[in-house]
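There are 2 protein chains.
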Amino acid sequence: MRENVNVGLLGLGTVGTGVVKMIQRQQEQLFHQVGCSVSIKKVLVKNVDKERDVDVDRSLLTTDPYEVINDPEIDVVVEVMGGVEETRRYIIDALQLKKQVVTANKDLIALHGSELQKIAVDNGCDLFYEASVAGGVPIIRGLTEGLASDKIQKMMGIVNGTTNYILTKMSKEGLAYDSVLKEAQDLGFAESDPTSDVEGLDAARKMAILSRLAFSMDIELDDVSVRGMSNVTQEDLKYGNMLGYTMKLIGYAEQEDNRAEVSVQPTFLDNSHPLASVNNEYNAVYVYGEAVGETMFYGPGAGSLPTATSIVSDLLTVVKNMRLGVNGRSVLAPQFSRQLKSADERYAKYFIRLHVLDEVGVFAGLTQLFSDNSISFEKILQLPLDEKGLAEIVIVTHRASLANYENVLAKLSDLPVVNAVKSLYLVEGGGQK
Amino acid sequence: MRENVNVGLLGLGTVGTGVVKMIQRQQEQLFHQVGCSVSIKKVLVKNVDKERDVDVDRSLLTTDPYEVINDPEIDVVVEVMGGVEETRRYIIDALQLKKQVVTANKDLIALHGSELQKIAVDNGCDLFYEASVAGGVPIIRGLTEGLASDKIQKMMGIVNGTTNYILTKMSKEGLAYDSVLKEAQDLGFAESDPTSDVEGLDAARKMAILSRLAFSMDIELDDVSVRGMSNVTQEDLKYGNMLGYTMKLIGYAEQEDNRAEVSVQPTFLDNSHPLASVNNEYNAVYVYGEAVGETMFYGPGAGSLPTATSIVSDLLTVVKNMRLGVNGRSVLAPQFSRQLKSADERYAKYFIRLHVLDEVGVFAGLTQLFSDNSISFEKILQLPLDEKGLAEIVIVTHRASLANYENVLAKLSDLPVVNAVKSLYLVEGGGQK
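One line per chain: the protein sequences are S and A, in this order. Note that full-length UniProt numbering has the first sequence beginning at 1, numbered continuously upward. Note that full-length UniProt numbering has the second sequence beginning at 1, numbered continuously upward.
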């Protein structure tokens, strides 16, 4: 049996550095777990001469990816360089050379996961990607192994740390979106171009990966409907708070009779919901299984060492599989064909905030429009506005179909008594399931 | 390759019934995951004629355990009968007949886990027990696989649903222990003899299992120091609440330089701690890893189908291993010899509630005793008592060694100004780690 496994690393940024540190520090523990040593044999970097936060022998560094991929002594390729097109090519080439692959690349897996998985199986190789969703939280194992026997009906994830940090600060400290974003950027919690985070695209990629696994269905990234949180205002948070809700950017995935819906959108959670107390940059995924009921996985969504923990745990599984000679066997093709719910099959509760004329009969007109579309109210809040002649109305509806909501929204702005539709958010928890 | 795996079930109570239901309902899904069918071949019951909540062919039932264990066509024995001595014998016999074993039996694993694990490995068999801790929560996989690459430094678990239900009701509804216990018994959440739950013994068994795995050390049940929650009063909860704490029965396990401490005791958690919002009968295990930082696994701690989910997930792993021919390979002997911290190595913060004489100089005397033992105060609350001449004092200390606390406690009652030491609880979270 082999006495050492050689790892080639593509990338030595924040996460790559964490991987090297963990492998260096934990040699003894890793050896105990897998019965052989694990060594870094070669590392792809952009600049060989850069100062680094970790002690790597300079002779291991290369700027040529194929010095890693083609090295016959390298058994496992760990990809932590990011990017999609080029990286896809490297991983395909590595798999075709029968190298095991561990990656943290959510963009790549969201877009090309099914293709890469198939190539891995065809070549008898493992392809693991625990670190691609929710950094240090072992949610992918949770879905594919721990809850493997259950039928997952619903998942809700706080899977983007940047937006959770921003929303937590806005809620707890009453600060405006712009100023919290700036603070997050200064602290390094948000990118200088925050679009992918705040517009929900990053969360959408992770939800595509999770829902594919949870529902055993080939969900594509385009199937995820996305709405960001950059328009959330202090007013929204204030009225939500009065009604007992906390705002989170929620990745939502549900399936019924093997028809799925997946979305990312700002959502008011009832304060008693387990996700409502997940704060700051933390991530959590709430899973509702037919048999198990409610479970939740919580932890750091990013960071060098948390993400490296998931990568090295995947690496250990790969090495165990190598020693048992069973690589490439644990992957399953999706069980169900991809079917998405239509708008009249998607049911939800919504929070709607309006400015209306403060005059007699306004409420009757509103009520009529909603009830004509079979939507009833769970909560109503009406408050005077400083602006003369206007009132603030917040409505939380009972569950109704998205098709009906769309009808109402199309007509709402046309009602003469409605001055403005200020905001509309999904509501989860509290009352009916 | 085999086309069917036969399961023998020892026990058909609440959990056994759940296992049968899940295997019946999910045949197609199970087949998809493991590539062969899974059948129940024989079931040990106490009474063949009993009415049951599940449809099992009467010809499968037997009252003789060895009709299950000795059946050469049975591949996997699933033990859900409970009990220790007899059950240990059955499992040893099954393993020696090269049968794979899945069990939900925390008492057995806490007491004889190491012995059984060794016998399993010697016979090339799997022995899995995910369901023995926190029912439907895949915490054991989380520790042994998801966080396998990390060094776990600390774990805190709400691992007993009955006591969490009682404490939640006491905290939120202001009810006394006795009346909540009675209500829980009426609802079936508490046993008619609740000793094992409320005195912390059930939680201690689970913490022995978890700390053994997390620290890779042969922790024994006797190593767990245990204090129950039956003495917790409304007064304690009230003053804790004033200081920003929530009371939970916490299983606590920590290691430093491979020296461990494991305990179960009523604990005041800072309200911002992720475990503080785990309510009712839910379980959760908070894990602090050197690399990953804070993670938490949350879900139902008991119940027929949640527990069955863990058992059937274990069963699927066993069947996958059978098809790959790698049973009995995933188990590790502990890496570290068992070493426990002494009282002067165990550091903690404590909440101490006293009744003292309401006179000049009392506080000076108290302060002197604590500072003589190197214990300083983080929070102090003093309130007048209805009872004439007495005052209520609540002190939350900074971290200090258990040895020093024991010194203080031994002398506290002897101070002439101290009328009574009303309560003493561990405090976690808020301020220093």
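Worth flagging that the hints you see were computed from the coordinates, not collected in a lab. Any given hint might turn out to be false.
Here are the simulated lysine-lysine pairs, DSSO-like style, with alpha carbons at most 30 Å apart [to be verified]:
#1 Lys151(A) with Lys379(S)
#2 Lys320(A) with Lys320(S)
#3 Lys151(S) with Lys21(A)
#4 Lys172(S) with Lys154(A)
#5 Lys21(A) with Lys98(A)
#6 Lys154(S) with Lys21(A)
#7 Lys379(A) with Lys169(S)
#8 Lys41(S) with Lys151(A)
#9 Lys50(A) with Lys154(S)
#10 Lys98(A) with Lys320(S)
#11 Lys151(A) with Lys21(S)
These stretches of chain S come out as covered by chain A in the derived footprint (C-beta under 8 Å, 3 or more residues) [claimed, not checked]:
#12 83 to 91
#13 128 to 137
#14 141 to 147
#15 303 to 310
#16 318 to 332
#17 351 to 358
Ideal Cβ positions, reconstructed from N, Cα and C, are used throughout, including at glycine.
Structure-based check of all given hints:
1. Lys151(A) with Lys379(S): violated (48 Å)
2. Lys320(A) with Lys320(S): holds (15 Å)
3. Lys151(S) with Lys21(A): Judged against 30 Å, a Cα distance of about 13 Å means the pair holds.
4. Lys172(S) with Lys154(A): holds (29 Å)
5. Lys21(A) with Lys98(A): With Cα atoms ~26 Å apart, Lys21(A) and Lys98(A) stay inside 30 Å; holds.
6. Lys154(S) with Lys21(A): holds (21 Å)
7. Lys379(A) with Lys169(S): Given that 30 Å is the threshold and the Cα spacing comes to 27 Å, the pair holds.
8. Lys41(S) with Lys151(A): holds (24 Å)
9. Lys50(A) with Lys154(S): Given pair Lys50(A), Lys154(S) is violated - Cα atoms ~36 Å apart, limit 30 Å.
10. Lys98(A) with Lys320(S): holds (22 Å)
11. Lys151(A) with Lys21(S): holds (13 Å)
12. 83 to 91: Violated: only 0 residues of the stretch 83 to 91 of chain S have a Cβ under 8 Å from chain A.
13. 128 to 137: holds (count 3)
14. 141 to 147: holds (count 5)
15. 303 to 310: Held - the stretch 303 to 310 of chain S has 6 residues with a Cβ nearer than 8 Å to chain A, which meets the minimum of three.
16. 318 to 332: holds (count 6)
17. 351 to 358: violated (count 0)
Checked against the numbered hints listed earlier, the structure breaks hints 1, 9, 12 and 17; every other hint is satisfied.
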